[in-house]
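K.L.:
Letter by letter, the chains look like this.
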Amino acid sequence: QKEVEQNSGPLSVPEGAIASLNCTYSDRGSQSFFWYRQYSGKSPELIMFIYSNGDKEDGRFTAQLNKASQYVSLLIRDSQPSDSATYLCAPSAGTALIFGKGTTLSVSS
Amino acid sequence: DVKVTQSSRYLVKRTGEKVFLECVQDMDHENMFWYRQDPGLGLRLIYFSYDVKMKEKGDIPEGYSVSREKKERFSLILESASTNQTSMYLCASSSGRNEKLFFGSGTQLSVL
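In order, the protein sequences belong to chains A and B.
With positions in the first sequence counted from 1, the corresponding number in our numbering is that position plus 1.
With positions in the second sequence counted from 1, the corresponding number in our numbering is that position plus 282.
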């Protein structure tokens with residue numbers, strides 16, 4: 002059984018701080034890594050993805066991969082109250098995405 | 283933009299009924315997926331399909347079946363609905379393996 006582990010939170014940060022979200026995965030064959038954001042009552046929406054060849058920065062978001070430790074992280078700089086949501090990690094190894102249970106982020110103004 | 287449309291936003295059914303959840307995507311995606319989402323359990327994969335008339339079991343296929351007669355449409359069938367199938371059901375599609383998923387808006391199913 003492929004496993005994806007995330008700390009459920011809530012992770013609470015003040016507005017303007019850096020939020021760090023982490024995810025560990027069991028499948029060493031994972032080749033791409035997706036981060037989805039899900040607001041309460043809504044569907045997940047993709048915010049970042051990286052391939053196994055490196056990290057990626059997109060605006061306030063940075064995704065980092067440590068393949069040796071089977072660990073992927075999402076950093077959100079200058080956190081805003083609108084970033085308050087559940088963040089889902091999903092590694093992909095060529096079959097269907099298996100999601101972690103998600104980390105709930107709360108950004109206070 | 284890719285659009286994944288699920289036929290119902292809310293559905294209430296009785297125990298033992300046969301339930302059909304429909305999903306249509308408009309971007310000619312090869313792959314389609316059905317997940318259910320429950321508080322504390324996250325998103326769990328029920329079934330997926332890489333091509334017309336093909337299907338693969340996910341992590342929790344028991345009590346469900348699927349149909350993909352056309353590329354754009356993927357149906358989830360609850361043969362005999364039970365109360366433990368009360369959940370949010372999410373359909374998704376992607377253009378290929380290792381590619382991002384696009385989700386529909388979900389169907390909140392209540393089985394009474």
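FYI, nobody ran anything at the bench for these hints, they're computed from the structure.
Check before you lean on any hint, since a few could be wrong.
[Stated by the list, open to error] The calculated lysine to any residue pairs, modelled on SDA-like cross-linking and capped at a C-alpha distance of 20 Å, are:
id : chain 1 : residue 1 : chain 2 : residue 2
1  : A       : Lys3      : B       : Glu344
2  : B       : Lys339    : A       : Lys43
3  : A       : Lys3      : B       : Asp320
4  : A       : Lys43     : B       : Gln390
5  : B       : Lys382    : A       : Val108
6  : A       : Lys3      : B       : Ile342
7  : A       : Lys3      : B       : Pro343
8  : A       : Lys43     : B       : Pro343
9  : B       : Lys382    : A       : Ala94
10 : B       : Lys382    : A       : Gly10
11 : A       : Lys102    : B       : Arg326
12 : A       : Lys43     : B       : Glu304
13 : B       : Lys382    : A       : Pro11
14 : A       : Lys43     : B       : Val334
15 : B       : Lys382    : A       : Gln81
16 : A       : Lys68     : B       : Asn380
17 : A       : Lys3      : A       : Ala94
18 : B       : Lys339    : A       : Gly95
19 : A       : Lys102    : B       : Lys335
20 : A       : Lys43     : B       : Tyr292
21 : A       : Lys102    : B       : Glu304
K.L.:
The structure should be examined with respect to each hint, and the outcome stated for every one.
P.N.:
Hint check results:
The hinted pair formed by Lys3(A) and Glu344(B) meets the criterion: a straight-line CA distance of about 18 Å does not exceed 20 Å. With a C-alpha separation of about 25 Å, the suggested pairing of Lys339(B) with Lys43(A) is violated against the 20 Å cut-off. Taking the CA atoms of Lys3(A) and Asp320(B), the gap is near 19 Å; set against the 20 Å cutoff, the hint holds. Restraint check for Lys43(A) and Gln390(B): satisfied, since their Cα atoms lie roughly 11 Å apart, inside the 20 Å limit.
Distance check on the hinted pair: Lys382(B) and Val108(A) sit about 27 Å apart at the alpha-carbon level, beyond 20 Å; violated. Restraint check for Lys3(A) and Ile342(B): the C-alpha separation of about 13 Å stays at or below 20 Å, so the hint holds. Between Lys3(A) and Pro343(B) the CA atoms are separated by roughly 16 Å; this keeps the pair inside 20 Å, and the hint holds. This hinted pair does not check out: Lys43(A) and Pro343(B) have alpha carbons roughly 24 Å apart, beyond 20 Å.
Our distance criterion of 20 Å between C-alpha atoms is met by Lys382(B) and Ala94(A), whose separation comes to about 12 Å. For a cut-off of 20 Å, the pair hint linking Lys382(B) to Gly10(A) is broken: about 25 Å separates their Cα positions. About 9 Å separates the Cα atoms of Lys102(A) and Arg326(B), which keeps this hinted pair within 20 Å; it holds. Restraint check for Lys43(A) and Glu304(B): satisfied, since their Cα atoms lie roughly 18 Å apart, inside the 20 Å limit.
Between Lys382(B) and Pro11(A) the alpha-carbon distance is near 26 Å, which puts this suggested pair outside the 20 Å criterion. Among the hinted pairs, Lys43(A) with Val334(B) is inconsistent with the structure: their alpha-carbon atoms are about 28 Å apart, more than 20 Å. For the given pair, Lys382(B) sits about 25 Å from Gln81(A) by alpha-carbon distance, which is inconsistent with the 20 Å threshold. At most 20 Å may separate the alpha-carbon atoms for a hinted pair to count; Lys68(A) and Asn380(B) meet this at roughly 17 Å.
Simply put, Lys3(A) and Ala94(A) have alpha-carbon atoms about 10 Å apart, close enough for the 20 Å limit, and the pair holds. The hinted pair formed by Lys339(B) and Gly95(A) meets the criterion: a straight-line CA distance of about 15 Å does not exceed 20 Å. The straight-line distance between the Cα atoms of Lys102(A) and Lys335(B) is roughly 30 Å, outside the 20 Å bound, and the hint therefore fails. Using a Cα cut-off of 20 Å, the hinted pair Lys43(A) and Tyr292(B) holds, with the two alpha carbons roughly 13 Å apart.
A distance of roughly 25 Å separates the Cα atoms of Lys102(A) and Glu304(B); the hinted pair therefore is violated under the 20 Å criterion.
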